[in-house]
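Asks: Could you put the whole structure together from the sequences, leaning on the hints where they help?
The listed protein sequences correspond, in order, to chains F and G.
Residues 1 to 673 (this note's numbering) make up the first sequence, in order.
Residues 1 to 174 (this note's numbering) make up the second sequence, in order.
Hints may contain errors.
[Stated by the list, open to error] Once the Cα atoms are required to be at most 20 Å apart in a straight line, the calculated DMTMM-like pairs of lysine to aspartate or glutamate come out as:
1) Lys401/F / Glu93/G
2) Lys82/G / Asp44/G
3) Lys548/F / Asp44/G
4) Lys401/F / Asp94/G
5) Lys401/F / Glu98/G
[Said to hold, decoys possible] So, partial list: chain F residues that the calculated Cβ filter (under 8 Å) puts toward chain G:
6) Met378
7) Leu379
8) Thr398
9) Met402
10) Gly405
11) Thr412
12) Thr635
[To be verified] Take a look, some chain G residues computed to stay more than 10 Å from chain F by CB distance:
13) Glu84
14) Ala85
15) Gly86
16) Trp87
17) Glu93
18) Asp94
19) Val104
20) Arg138
By construction, these hints were calculated from the structure, which means they are not laboratory data.
Small disclaimer: the values here were computed from a predicted structure and weren't measured.
Even glycine gets a Cβ: it sits at the ideal position worked out from N, Cα and C.
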Amino acid sequence: MAADLGFGVLIITFIVSIYSIGAAVAGTRMRSPALIDSARLAARVTFPLLTFVNLVLIYLLVTGRFEFAYVYQVSDVSMPLYLKITALWGGQSGSLLFWSWMLSGAAALAVNQAWKSETQFTPWVTLTVMITLAFFLLIVTFVENPFARIWATLDGKVFESMLRPAGAFLIYPPDGVGLNPLLRHPGMLVHPPMLYAGFAGFVIPFSFAVASLASGRSDNAWLRISRPWALGAWTFLTIGLVLGSRWAYDVLGWGGYWGWDPVEVAALIPWLTGTAFVHSLIVQSKRQLFKRWNIVLVILTFCMVIFGIFLTRSGVLDSVHAFSLSSIGPMFFVFISLVFIASLSLLLWRWKLLASEGRMESLFSRESAFLFNNLFFMLLFLICLAGVLFPLLSELLTGTKMTVGAAWYKRTTGPVFGGLLLLMGVVPLTAWGSSSAGKLGKRIWLPALVSLLAPALAILRSGLNWSGITALWLITLAALLTLFDIANAVVHRMKLQKESFPAALGRVFMKNRHRYGGYLVHLGVVMIALGVVGVELYQTQTQQTLAKGETLQLDGFTVAYKDLFQYQASDGRAVTQAVIDVSRNDRLLATLSPRSDYYSLYQQSVTVPGRLSNLAEDLYVVLVDWQPTTTDAATFHVYHNPLVNWFWIGAIVMVTGAFFAIGFPGGRKVKNI
Amino acid sequence: MNLHMASSKVPNLRWFFSAFVMGLTAILVLAARVQAQTPQAVTDDDVNRIASQLYCPVCENVTLDVCPTTACDRWRTAIRAKLEAGWSDQAIEDYFVEQYGARVIGTPPRIGLGWLLYAVAPASAIGLGVAAYFVLRRKPGNQAVTRNSAPVPTAEIKNWREKLDRDIHKDEPV
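Replies: Printed below as a string of C-alpha cells:
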C-alpha cells in the first residue's frame with residue numbers, strides 16, 4: 001500500500017514537472033503572468049511530493065520489505081538503522097530518486113528567488129530546472145523504479161516489475177542481500193548527499209544563465225543571484241570529494257586517498273570548471289569582463305555534472321566507486337548532447353550582446369591573473385576529460401579498453417597544480433586595472449626570499465628530491481604570500497584604528513568576509529597540498545610476512561607482530577584482526593589492530609587499516625594475508641605517509657573559509673555585484 | 001748509472017702493474033657476474049614494485065599490488081616466479097601486456113591512438129595560451145597608460161589615502 005502510494009506520487013510529480021515546463025513555455029509565449037506563476041508553483045510543489053516519495057522508500061528500507069527489488073538489493077535485517085536509511089542512496093534507483101529530491105529542493109528555492117528578485121527570469125529558470133528534473137523523474141519512474149517488486153512464475157523465471165506480470169506471483173524473501181560492504185562506512189552518511197547537493201547546486205547558476213540569455217539581458221543580474229549558489233555548490237562538492245577521499249583512505253586499504261579512478265575524476269571535473277567559475281565571476285562583477293566566458297563555464301559545469309552522474313550510473317566505466325550497472329547510458333547521452341547544443345546555440349545567439357565592457361590593461365593586473373587561473377583550471381579540465389574518455393574512445397575505435405592510471409594523471413597534472421599554487425599566492429597581491437611587474441615584485445620579494453627556507457630544510461631532512469623540493473617551495477611561497485597580505489591588512493588597521501592585534505584581526509576578517517573567507521580557502525588549499533606532497537613524493541612502504549614476535553622496520557618505526565584472532569561479528573562479518581606494536585627508538589608508541597572483514601554473501605573483504613596518526617605523519621598498517629589454520633604468520637603492508645593529516649585539516653579550513661565567504665553563519669547579506 | 005738502471009726496470013714494473021689491474025678487473029667482473037647469477041631472495045616489495053605498475057585485468061582500475069582477488073594473488077605469484085627466474089621488470093611488464101593486452105598498464109603506450117592521450121596536455125596548453133594571447137592583445141590599455149610627471153597635491157594624496165582606507169575595509173571579493 002505504502003509503495004503503491006509512493007509510486008503514485010512519483011508519477012504525479014513527473015506529471016507536475018511536465019506541467020510546469022508546459023506552463024512556463026505557454027506563459028512566456030502568451031505573456032501570461034498567471035501561467036508563469038502557475039509554473040513556478042508547480043515547480044515548488046515537486047519538492048514536498050518528492051520528500052514524501054523518499055520517505056516512503058526509507059520506510060520500506062527500515063521495515064525490511066524485501067519483496068521490493070531495491071530493498072532486497074541494498075539492505076538486510078542485520079544492518080543498523082542508520083545504514084538502512086543511507087541505503088536510500090546505496091543503489092542505482094534510490095540514488096537517482098534521492099538526487100531528484102535534492103534537485104527539486106534547489107529548484108523550489110531558485111524559482112522563488114527568481115520570482116522575488118528578477119521576475120523576468122522566472123519562466124526560464126523554471127523551465128530549465130524542471131526539464132532537468134523531469135529527465136531524472138522519467139528515468140526513476142519508468143526505467144529505474146525503486147518500487148519495483150520481485151515476481152516469479154511457476155517455471156522459475158524471476159522478474160522485477162511494478163505491476164504483476166501475467167501468471168506471476170510475488171516473492172517475499174526473508175532477508176536481503178545487504179548494502180555493499182564497501183559502503184558501510186560512516187562517511188557514506190554524508191559523502192553522497194554532499195556530492196549531490198553540490199551537483200544540484202550547480203544546476204541553478206546554469207538555469208539563471210539560460211534565463212539571462214533567453215531574456216536578452218547583458219547585465220550581471222544572473223551572476224548576482226548565481227554567486228551564492230555557485231559558492232554553496234562548490235563548497236558541498238568540495239566536502240563530498242574530501243569525504244570520498246577519506247572513505248578511500250579508510251576502506252580501500254591502498255595507503256592513499258586518491259587513486260585517479262575514473263569515477264573520482266568524473267566528480268572532480270565539475271569541481272574544476274566550477275572552481276574556475278567562482279573565480280571568473282569576480283572578474284565580471286568587478287571589471288565587466290569574461291561575460292561570455294562565464295556563460296561557457298556555467299554550461300560546461302552543468303554538462304559535466306550530468307556527465308559525472310552518467311559515468312557513475314550508466315555502467316560505462318568500471319571503478320571501485322561505481323556500484324551500479326544500468327542501461328540508462330543512452331538516455332543520459334542524448335540529454336547531455338541536447339542540453340549542450342541548446343545552451344551553446346543560445347550563447348551564440350546572444351554573442352554580440354555579451355561583449356566585454358571592460359578591458360585588460362596589464363599583464364600583471366588582477367584580471368590577467370584570474371585569466372591565467374582560469375587557463376590552468378581549463379587545462380586540468382581538458383586533461384581529466386581526456387583521461388576519462390580515452391578508455392571509452394579506445395574501446396570504440398580499437399576494441400580494447402585502455403587503462404589511464406594514476407601515473408599518467410600525476411605526470412600530466414602535477415606541473416599544472418604547481419602553477420595554480422603559485423598563482424593562488426600571487427593573485428591576491430595584484431591590483432585591478434593597470435599594474436606592473438615592478439609593483440608586483442615589491443610585494444612578493446620578501447615572502448619569496450623567506451620561502452627559500454622551506455626547500456633548504458627539505459634538503460637537509462630528506463635529501464635531493466627535486467619534485468618534493470619544488471612543491472614544498474611553492475606551498476611555502478603561496479602560504480607566506482597569503483599570510484603576509486593578511487598581516488599587512490591587520491597591521492594597517494592596528495595603526496589606523498589603534499586596535500589590539502586580536503581585535504584588528506577579527507575586524508579585518510569580519511568586515512571583508514568574501515576576501516578573507518577566500519584567503520582561508522587558499523590556506524586550506526596550501527595545507528591540502530602539503531598532505532598531497534607528503535604522500536605522493538615522500539611516501540615509503542614495505543610489505544613483509546612476519547611470524548609472531550617478529551618485527552619489520554620502516555623509516556625508524558619498528559612494527560612488531562604480536563597476535564592474531566578471528567571472530568564472527570553480530571552482522572555476519574568474519575573478522576580477522578591482528579595486534580601489532582609500533583615503536584620508535586625502543587619506545588612503544590601505540591598498539592594497532594588492523595583487520596580484514598569478510599562478507600560471505602558478497603564474497604568480499606573490506607580492509608580496515610591500523611593507523612598511528614599525528615600532525616607529522618601517518619603509519620598505516622594493512623593486514624594483507626595470514627595463515628588461516630595456525631595464525632602464526634601474517635603479511636602486513638606498512639605505509640609511512642608523511643604530512644598526510646594536513647590534507648584533512650586543510651579540507652576543514654577550506655570548507656570553513658568557504659562558508660565564511662558565503663556569509664554563514666551570522667553573516668550580513670551579500671551585497672549586490 | 002743508477003738512473004739508467006732505474007729506467008731499464010720501468011717496463012717490467014709497467015707490465016706487472018698492468019697485469020695486476022687487468023687481473024683485478026677480471027676478478028671483479030667475474031665476481032659481479034657470479035653475484036648476478038646467484039638467485040636473490042625476492043621480497044614482497046620487489047613483487048609490489050612491478051605489481052603497482054600493472055592493473056588487474058579482471059577488476060579494472062585496481063593495481064595488482066592492492067587487488068584482493070584470488071586472480072590477482074595468482075598474478076603476483078607469477079611476478080615473483082619470474083623475478084626469481086631472473087626476469088627484468090620490463091620483461092615481466094611486457095609479458096603481462098602480451099598476455100592480457102595493453103590495458104594492464106596504467107600509462108598507455110605512445111603508439112597509435114595512445115599518442116592522442118599524450119598530445120592532449122601540450123595541445124591544450126598551446127591552444128589556451130594562444131587564446132590568452134588574443135584576449136590580452138585586445139587591450140589598448142598598454143598604450144593608454146601614461147605617467148603624469150606633475151607633482152600630486154598633498155590634499156589629493158590625503159584624499160586618496162582616505163579612499164584607500166575605505167576600500168580596504170570594504171566588503172570585496174578576493
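Asks: Far enough from chain F: is every CB of that chain over 10 Å from the CB of Arg138/G?
Replies: With a cut-off of 10 Å, Arg138/G comes too close to chain F, as the shortest Cβ separation is near 7 Å.
Asks: Does the nearest C-beta of chain G fall within a distance shorter than 8 Å of the C-beta of Thr398/F?
Replies: Because about 6 Å separates Thr398/F from the closest Cβ in chain G, which is inside the 8 Å limit, the hint holds.
Asks: Please verify that the nearest CB of chain F lies beyond 10 Å from Trp87/G's CB.
Replies: holds (20 Å)
Asks: Report holds or violated for the interface hint on Met402/F, using the least CB-CB distance to chain G and a cut-off of 8 Å.
Replies: holds (5 Å)
Asks: Within a Cα-Cα threshold of 20 Å, do Lys401/F and Asp94/G meet the stated pairing?
Replies: holds (18 Å)
Asks: Does the interface hint hold: is Thr635/F within less than 8 Å of chain G, judged Cβ to Cβ?
Replies: The hint holds - Thr635/F has a Cβ within 8 Å of chain G, the shortest such distance being about 7 Å.
Asks: Does the claim that Asp94/G lies off the interface hold, with its Cβ farther than 10 Å from every Cβ of chain F?
Replies: holds (16 Å)
Asks: Confirm or reject the statement that Glu84/G sits farther than 10 Å, beta carbon to beta carbon, from all of chain F.
Replies: Check passes; 16 Å lies beyond 10 Å.
Asks: Have a go at the Thr412/F hint: is there a Cβ in chain G nearer than 8 Å to its own Cβ?
Replies: holds (5 Å)
Asks: Beyond 10 Å from chain F, beta-carbon-wise, is Glu93/G?
Replies: holds (12 Å)
Asks: When you look at the beta carbon of Ala85/G, is every beta carbon of chain F farther off than 10 Å?
Replies: Fine: 21 Å to the nearest Cβ keeps Ala85/G off the interface.
Asks: Hey, is Val104/G genuinely clear of chain F, shortest beta carbon separation above 10 Å?
Replies: Nearest chain F Cβ is 7 Å from Val104/G, so the label is violated.
Hints 19 and 20, counting from the list given before, are not met by this structure.
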